[in-house]
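J.: Protein chains in written order, with the working numbering: chain A, 11 to 476; chain B, 11 to 476; chain C, 11 to 476; chain D, 11 to 476.
One thing to keep in mind: the hints can contain errors.
Copies of the same chain are indistinguishable here, so a pair counts whether it falls within one copy or spans any two.
Said to hold, decoys possible - No farther apart than 30 Å at their CA atoms in a straight line, the calculated lysine-lysine pairs in the DSS-like style are these:
1. 177 - 341
2. 225 - 423
3. 55 - 341
4. 475 - 259
5. 342 - 475
6. 177 - 24
7. 305 - 113
8. 225 - 208
9. 225 - 446
10. 475 - 225
11. 342 - 208
Treat the hints as calculated values from the structure; they're not laboratory data.
All figures in this text were calculated on a predicted structure; none of them were measured in a lab.
Listed below, chain by chain, are the residues.
4 protein chains.
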Amino acid sequence: MKPLKIAYIGGGSKMWARVFQNDLALADGLFGEIALYDIDGDAAKRNQLIGERIEQCPNCVAQWKYQVYKEIEPALKNADFVIISILPGTFAEMQSDVHAPEKYGIWQSVGDSAGPGGVLRAMRTVPIYEMFANKIKAICPSAWVINFTNPMSICTKTLYDVFPGIKAFGCCHEVFHAQEFLCAVIHETLGIDRPSRKEIITDVSGINHFTWITKATYQDIDIFSLLPRFIDRFYEQGYSEYEDHEAWKKDYFSYGNKVKENLFLRYGVLAAAGDRHLAEFVNNKWYLGSPQEVKEWQFSLTPVSFRITQMKERIQESIELAEGRKPIVLKKSAEEAVDLIKAILGFGSVTSNVNLPNNEQMPGYPIGSIVETNCVFSLDSVKPIQANALPPAVHNLVLRNCLNIDELYEGIKARSLDRVFAAFVDQPLCSVLSLKDARTLFVEMMINTRNYLDDFFDLENWINKQ
Amino acid sequence: MKPLKIAYIGGGSKMWARVFQNDLALADGLFGEIALYDIDGDAAKRNQLIGERIEQCPNCVAQWKYQVYKEIEPALKNADFVIISILPGTFAEMQSDVHAPEKYGIWQSVGDSAGPGGVLRAMRTVPIYEMFANKIKAICPSAWVINFTNPMSICTKTLYDVFPGIKAFGCCHEVFHAQEFLCAVIHETLGIDRPSRKEIITDVSGINHFTWITKATYQDIDIFSLLPRFIDRFYEQGYSEYEDHEAWKKDYFSYGNKVKENLFLRYGVLAAAGDRHLAEFVNNKWYLGSPQEVKEWQFSLTPVSFRITQMKERIQESIELAEGRKPIVLKKSAEEAVDLIKAILGFGSVTSNVNLPNNEQMPGYPIGSIVETNCVFSLDSVKPIQANALPPAVHNLVLRNCLNIDELYEGIKARSLDRVFAAFVDQPLCSVLSLKDARTLFVEMMINTRNYLDDFFDLENWINKQ
Amino acid sequence: MKPLKIAYIGGGSKMWARVFQNDLALADGLFGEIALYDIDGDAAKRNQLIGERIEQCPNCVAQWKYQVYKEIEPALKNADFVIISILPGTFAEMQSDVHAPEKYGIWQSVGDSAGPGGVLRAMRTVPIYEMFANKIKAICPSAWVINFTNPMSICTKTLYDVFPGIKAFGCCHEVFHAQEFLCAVIHETLGIDRPSRKEIITDVSGINHFTWITKATYQDIDIFSLLPRFIDRFYEQGYSEYEDHEAWKKDYFSYGNKVKENLFLRYGVLAAAGDRHLAEFVNNKWYLGSPQEVKEWQFSLTPVSFRITQMKERIQESIELAEGRKPIVLKKSAEEAVDLIKAILGFGSVTSNVNLPNNEQMPGYPIGSIVETNCVFSLDSVKPIQANALPPAVHNLVLRNCLNIDELYEGIKARSLDRVFAAFVDQPLCSVLSLKDARTLFVEMMINTRNYLDDFFDLENWINKQ
Amino acid sequence: MKPLKIAYIGGGSKMWARVFQNDLALADGLFGEIALYDIDGDAAKRNQLIGERIEQCPNCVAQWKYQVYKEIEPALKNADFVIISILPGTFAEMQSDVHAPEKYGIWQSVGDSAGPGGVLRAMRTVPIYEMFANKIKAICPSAWVINFTNPMSICTKTLYDVFPGIKAFGCCHEVFHAQEFLCAVIHETLGIDRPSRKEIITDVSGINHFTWITKATYQDIDIFSLLPRFIDRFYEQGYSEYEDHEAWKKDYFSYGNKVKENLFLRYGVLAAAGDRHLAEFVNNKWYLGSPQEVKEWQFSLTPVSFRITQMKERIQESIELAEGRKPIVLKKSAEEAVDLIKAILGFGSVTSNVNLPNNEQMPGYPIGSIVETNCVFSLDSVKPIQANALPPAVHNLVLRNCLNIDELYEGIKARSLDRVFAAFVDQPLCSVLSLKDARTLFVEMMINTRNYLDDFFDLENWINKQ
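Bound conformation, chain A alone:
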């Protein structure tokens, strides 16, 4: 086997890079170069130093050479894999995305994939991804591209639309949480040892962050048959698949699974993402009516101020790790990206849920819309497994979002603010807005984040025309 080159766009990442670096260090049989590229060169440099320290861990089994690139082109040159994980804009923009709509009663728990925040974030992300796709097409068209950036669907859509021959997929761990939840359900209801996530079999379909499990089994057990009993017991008090059932009361990223359970009671299938994400794909009155109601649904509105604080801590930690002041702990994460890379390299077939353009793996969805289903990975191949049909009412909820994403993408691609606004106003989270308020809010959010928009959209003109 020849040495690999893995280009890491956004290689200055403070959290996900760490996970990925660890998993690569533990990937028996792999070796080569990890090419870090980031607009924040210092952060990339820190990750290089951390990577080199990881390589010195006694349990490291794969030999990687870290290299920082100042330009994206040489980073992509000869790449076998391209990892993309960036933050489009800064927390200043995210501040607007998440909090500007609150004055209209639109509360967002995440604000990165759907709702007004998701729309604005998409507007600044797509042009960047257009550039990525064009570079990949020109420089490393045969590379496999793995996207981790949100909004996931729209990033993946951009890659394929700009370069239809691309070999790309989008990876997200939200479904894993729902699978862990199902493992916990088995344990709680049957009193047997909690199986591992890979021991259960789930039928996954939908769109990223609004994915659904339509069937789940463990050995000869239909896990869904256990859910009514489980929900009876835990609905009011909350339950975490990660053991601390009170976590949602104190931690911005935790939740008690009540949203998921409520959806299951209504539709008979399991929404497979964190409740914080799920709530953003339906009418805001359902689960995000007010901060008070959000608490009743056992999750939180994550303030961007908290993300800022957290980031500072992470940078500090990176510095300490890079400088050797904090020891490296090298262990395998729960992520699957490296397993998928190995499967693509011929190390054996693996099944996982990823985001791909629909080619009838989800009949009833447009060809080319980005959908998330189980796929089989093998040498130079990722093939969707045909998904069960969603119940019609769920299908309508998912399809509405899916078409909105497509329209949003096309609007951004055409630089048409009319079309982007059409997707904005049809967001389920915007369903309480009058047309007038919707327009005012949209304008405000664009102005707040115009540093990232002015190069691409004629804001002035559109705003004046209203």
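With chain A fixed as given, assemble chains B, C and D onto it according to the hints.
T.: Coordinates of chains B, C and D only, in the frame set by chain A:
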């Protein structure tokens, strides 16, 4: 040509029957029996008498024998055509349909096709139509069936689902109003004589009452190119295709076309139904935010009390006509049903917009969903003309309603209140409801109208389970 | 109305130009320039002179200025319509197309659309049409393009594939003959006056030259119900819709309709093209087993030598017309192209069968395959009418040819002789060939016509590789 | 786990039963009843005795009780699985199926799935399967049904068409041979140990016996890249994946893989069934032109007389095994049916290629046509993996057969000999027949086998009508 038999289900109708009787009397070349069946036998009897008086008008050209039937079966026996035009339930139920949701800020202008009112009306209509379809299948399977009842889509869906071999279509005149509007636009902007509706060519697609015109031409004129100028001039003051531009200020059924124009400004295509209908297929905050806002949008909330008054007057008029105390005025209406009947009988090809199961005349919609497009009528045949694709954002609005209708139908068919409620809560007009309020309102509306529901649904059990 | 410019590519045509010039001269309301372009400049010049003489006819109502262009670009400049009607190659190539396969028992009656002749003709046509499409895209992208050249499907496919935004359709009169046949059937079986072709209503679908009528009515008569009786009477003796029922015995272009009748007896629907064309889309053993069997099926194998003779006569006639030695007779033809042009210009809606990319007007066929169905023409618009489904066995026959055409096109586009050969060997007319004979024949036919192929295909290399 | 009941229809089988009994005896974790039903009760009884002897083998790990049923109903009662493996008719009918067409130059190597033999076999099979499907629907609707009978596609189609809720799939080992072939290719070209079939990964799609592998990998090796070299070496001499490369010269069931290799050279993908089957789905002139040419293509025409001899030997062997005169050798076969059963029972996920109605696992094929693709088996679930698209030319070959099978099924279902004949005459193997010869042959073959047809078809009437 052999004598026809036309079975008229709902043959006691007080308004539409009159129109139809007139048009039939003026249908040169036709003759035979008109079989009136109605659960209100007296009303049917009155229409028989009126029909016989029409036959004596000097300008009557078609010989019809009117016959009242007490049972539906003999009325259907040997029928060549079956006309269905009924009121499902009474105005007491409609009172609940329309006004019960108001306390939650849900205002409905019509309440018969979409929104909470449309859902409840569908619940009492589908079982009746299941019966109709079964009778037609058994008694006159080759008859052509023309539906006029609302909710149009769901009535037509029921007929085809119960009896897939049926030759049925649904007729509605709402698109005609939009075509008249376009004729007026030509006149106002170009200063030429207003053409007749049949002189313009429109590309029609969508679902009933939420139908769209994607292209409209008159001779070598693209009418859409005239609209911006027209809208500039009339947007604020209102405009009626029927000349009285102030009508919307005083008449419950009139409107100033501002909703239609607003949608055109946003999407570039023309919504082709009365504004009162259109407003019910989108988020209620758009055009139905409050009685005050409705006025700003230049239309009205029609109170059911007004319908009751109006109906009393119509019955009185029927009596006078039947008894000869009021003279008959026999003239052709603007409706097309009789023209379609003639085309089906081989009198020449006619094109009109009707409701049929989708068979790819609207690519991107489910096969079998009821859609409204132009169709060519000829001997024993109705064939859709391929529709232009709707703009994606409009497609999403239409498809959402279309899937909701399908899910509502399937829920009623399965007598599953869970599924019906899923369709209820996903109505665009319900988008301001919390889940709790939605459930409370749904229960209230079912209890209000339970006389028509108890035979089919297990209300008790479902309500208790909540 | 502004003056039109109609660019006529292949404007030196000896027969079709005459028809078209006449119909244009009689098109009330039209005027402008007819731009003739042909690689045979003399022929174009003659048509200019003839056109000018036509303009002087007393019954001429439309004012046209004829102009000959030596280059295609200025001919296309500012064109509102582009007419394309060319002969790809010469009769020398057609000699090979039609007669080379005879030594293997493959007899072709036309050899221009399907079978080995159709494949070779396509190979020299597609590159020319690629050029046309690129020129139109660059010079007159908004023009309406009407194609008359065979192979019709593949020419139209090329135009749309190279320039997806093109407004093109393909016109062919073969269906008209079948409609005339149905008119004659009415006359013969019912003893009433033969109606005109435009008085009957037919449902048309399929691919060019292998088109089908699935339903045909006249007033209240289902014409298909008359066919069994008609066939009983005329099957053995032959029948021509153009009155001379013995014509097929003496005229290379006539036929007795026995093939069409045989297909009707077997499948219940009417193949709607001349029998000479139909026979080339099915196994050659069905109707083209031997010259003797062809005669039994009441049609002829048209030798190319006859075409050469005929062409000489036509050129002579052109000269005489151009020089005024032969008088012009100006009368309307049975063709519809000019009617369609008028409809596109807004003179009123017209329905006719034309060739367009499939967009679900024929469900079950690939999107983008060229299909022939009824379409409604109106201002700047051509819209397919949804076609009845073909009976499954006919669908299989048609789809096989349709997919072969698509594969042939893709093979030529990719300049891949492997793929072209795959389409060659799968022609129904080639079904008696062993793989070895198929390859030998294909090579021979390519070498025979290499003047038109060498610029595009690497014949040498492919032949050597075998 | 509760005891299973496996109903075995055709439980008197002389060969496949043995395989299945062995594999079940070695299926750790399973136990219960095997219910044998066969119209040949003696044969079923023998298999019971053999089964009881197998149970006594020292390496038997699963406890099965064998029970013979005289009627099908009690055999099906409470069944968890239904295995169907029958011979429709006797070898007398197969004699006609295979050999009657030879006088017209139609040579068949198998004659059970396609071609004239396949059609006649289908005509006597479908009515039997209609009965099976109705019984299963009535008696054990939740059972999983595994079909092994040919014609595979049409048997599976019948089961699903009669009882759409059935949980059935069709199993065939032909693809396994092609996979073994690929394993041998690796060994021969790379000189490394031959991997096992389960170590390679293949993308499978198509229809039964005309299935294709579009991609094949082993570790990081693209096996297709090895094929040109392999074919160069073995094309002329022949190669068997089962080591005896001369076998095709002496054994009726062996082949040298030249057909498969020829198809690969022409289309770039691997036909994945025995060459004897593949040759029957394409024009007979390709590989079945004459007995001599068949030999050149390195396979054989299996005479039915040989099958008769072979069957006698097998019956003799069964008797000896049943009576204990021949020792039982209990070992695992290469078949996968029992592995699939275990997966369905929750013993872990397995991937294999099986036959199922298309639900877009093969985009471009009709929904509901029976297709063969990879599927993932797990608890109470079988889910197709999305197949790669076939190259267009191969797609056309496969789709033609697929549509023919559907039309054949619909014709038999409707008892319409016109429609069956349409499918007969369009068989690729019939492509050398004139219409007259086709009809004569079809009539002869029906008369030969009328014992199995008269109950279902009105032969007399149809034959007379011709």
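J.: Hints first: check each against the structure and report whether it holds.
T.: Do the hints match the structure? See the list:
| no. | hint | result |
| --- | --- | --- |
| 1 | 177 - 341 | within (29 Å within a copy, 44 Å between copies) |
| 2 | 225 - 423 | between (37 Å within a copy, 25 Å between copies) |
| 3 | 55 - 341 | within (22 Å within a copy, 61 Å between copies) |
| 4 | 475 - 259 | between (46 Å within a copy, 29 Å between copies) |
| 5 | 342 - 475 | neither (55 Å within a copy, 46 Å between copies) |
| 6 | 177 - 24 | within (26 Å within a copy, 50 Å between copies) |
| 7 | 305 - 113 | both (19 Å within a copy, 26 Å between copies) |
| 8 | 225 - 208 | both (15 Å within a copy, 27 Å between copies) |
| 9 | 225 - 446 | between (43 Å within a copy, 28 Å between copies) |
| 10 | 475 - 225 | between (50 Å within a copy, 25 Å between copies) |
| 11 | 342 - 208 | both (15 Å within a copy, 28 Å between copies) |
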